[in-house]
Amino acid sequence: MAGGGYDYEEGVAMEGGYDPSYVPDPVKSFVVHLYRHIREKNVYEIHQMYETSFHTLSDRMFKDTPWPSVEAVAQYVDNDHVFCLLYREMWYRHLYARLSPTLNQRIDSWDNYCSLFQVVLHGVVNMQLPNQWLWDMVDEFVYQYQSFCQYRAKMKNKTEQEIALLRQHDQAWNVYGVLNFLQALMEKSSIIQILDKEKEGLEQFTATDGYDYTGGSNVLKVLGYFSMVGLLRVHCLLGDYQTGLKCLLPIDITQQGVYTSVIGSHITTIYHYGFANLMLRRYVEAIHEFNKILLYIYKTKQYHQKSPQYEQILKKNEQMYALLTICLSLCPQVKLVDETVNSQLREKYGEKMSRMQRYDDESFALYDELFSYACPKFITPSAPSYEEPLVNYNQDAYRLQLKLFLYEVKQQQQLSVVRTFLKVYSTISLEKLASYMEVDVSTLRTILMTYKHKTHSVVADGKTISNADIDFYIDDDLIHVVESKTPKQYGDYFLRQIVKLEAVIGDMDRVKLE
Amino acid sequence: MGREQSQMSYTVEQLVAVNPYNPDILPDLENYVNEQVSLQTYSLDANLCLLRLYQFEPERMSTQIVAHILIKALMAMPAPDFSLCLFLIPERVQMDEQFKTLIVLSHYLETAKFRQFWDEAAKNRHILEVVPGFEQAIQEYAVHVLSLTYQNVPRSVVAEAINIEGVSLDKFIEQHGWIVEGKGELVSLPRNEFNHPELRKASSANSIPLDRITRIFPLLG
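Top to bottom, those sequences are chains A and B.
Note that the first sequence covers residues 1 to 514 in UniProt numbering.
Note that the second sequence covers residues 1 to 221 in UniProt numbering.
Here chain A stands alone, though its shape is the one from the complex (with noise of 0.2 Å):
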């Protein structure tokens, strides 16, 4: 089985003891009872099977193996087409996290990708499947196509097999066919409209997780709502982030959703969401996410400690908190943050966050690490030069990115010296600051006019709005501070007490006393 013809590949461990024809007696179960769950459309079952079962054998049988082929458990399945492009999505899910792909295996990926949203976006599809599942769909499409792009863009030590295969098959994970599946299940589904008539009462969608319970598939109206994801997710990667946030509109962030239905759903969605709000120099609103999303974790860590993706959940929860951090140095808001949150936050990165306030070099090289640790996995997406001399181009894309962000750090650098000033004084003449700043009057009018600028943003319909958590005016010679003080959203928390007492009420009103 091992060696021949495959040493120009990364080696995927063929171990001898590796005979992908074989299929052992648990597998033979798993399958037929997948299968049958499937067609009796029992999403309970699919559910437990898919997360509990399929792990658990993979522990067991399939540590560093991939699983039996589809061609060899086809048959206790009556060679279903549909379950077999499943099954083999699975495999080579499998087969990334524990091994690492051939080029061959990461092109035979993508062709099953292509066969299994044909058929979902063409075929008729009447399956009902866990939320889990599609979601894990959209989530493992997005990152073999940006996993490809880092091994193609690699091209130093490949060898010309490899590049010869490359340039067969260019089509392969290309980003038209990646970004075109997702739109095309997005409209197919035709989600938007389905949640537009939701807020009308007109349809559900929300209110049963996207499941259907009178007789249709879920499948591609879910798969179709998660790619508004999975759209933001690529548009990140390329930089695109205005594009990307875009995408994500028709979902309400503010309120609890399918997305939120499915923990890894939930923390990508707010991960990018606020990622992109980040480098649109939009700090409170991206605060304001990681904030929420953070102490949603940390309230319901306990209960994903058994889940396959808690290693995934304790990885975002870290970056999520440096780029809080990273918000909160640029736009000191900390009043926006829960105490939890920020307890976590002073354990985490206090020390950092109060050198990053400093901006001299260290304080800058700070902004470069925490920024470079959280991060997406930038891609480039264009086709390589396949002209010698083979250059590797892996890490162009995040070396742009990383540029861009220092940039803007950097032209913010004086702002909260001045911020420092401001919180100490009532009025303050331009002079004395200049003085105090040790920089000239004309010079000090434009470090208040930049922070005016970076603290104020003009949103969509022309209105400006304030980021800024303590304010200035200038007459003539003579600054005022202004602290903002946002005054207690009183109403929502009687409104929530309101609800709270109410159900209270109804409890004790269902007790009956012997």
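Since the hints were made in silico from the structure, they are not lab data.
No incorrect hints appear here.
With beta-carbon atoms standing in for the labels, derived distance ranges:
| no. | chain 1 | residue 1 | chain 2 | residue 2 | range |
| --- | --- | --- | --- | --- | --- |
| 1 | A | Q256 | B | E193 | 29 to 39 Å |
| 2 | B | E193 | A | K315 | 34 to 44 Å |
| 3 | B | E193 | A | G123 | 49 to 59 Å |
We put the CB at the ideal spot given by N, CA and C, even for glycine.
Go by the hints and put chain B onto chain A.
This is chain B only, laid out in the frame that chain A set:
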């Protein structure tokens, strides 16, 4: 004529909405950039779509078109459009002399260094003058920043920010309906909630949108 043009622009926007990832619309988008320049219109979405297609197929990129997009993006200040475009332009392309110049100009605007900006712009007139309305757009941005910052501002500061002096400045001030105070040396800028914080509505913060109150409607019955 005018109507025809606006109908055409409607079509390009539609094109972008329906085919956001279709390389075939690239020539239409390039023409549309030229149209935005000559008709003094602007569409960030269409331009980002074009930069995206260039990013996917760098060999089809036209530096001339990219330069026009970037100048248009500068004119959209205070919006962050210039950065949004740069995020999509490969670093080696940004090394081009004219792009370097535009990046420097953007830096001066972002940090409100207006005098340096106008000096640099004067030196690079050949790049900028192909896009009509450039100066006016930057002046508008300068006025925006000034009005966020000042209640009353020395005339010389205004002159420096918008690069206009003497009689022309008097005219500019008059056109904007600003009042000159003191001995003609202090310009009083229009009141807004940023230079007159007392105008900030406190009421809006304490009101509750109707859709939230509807949650308790069932309990009120």
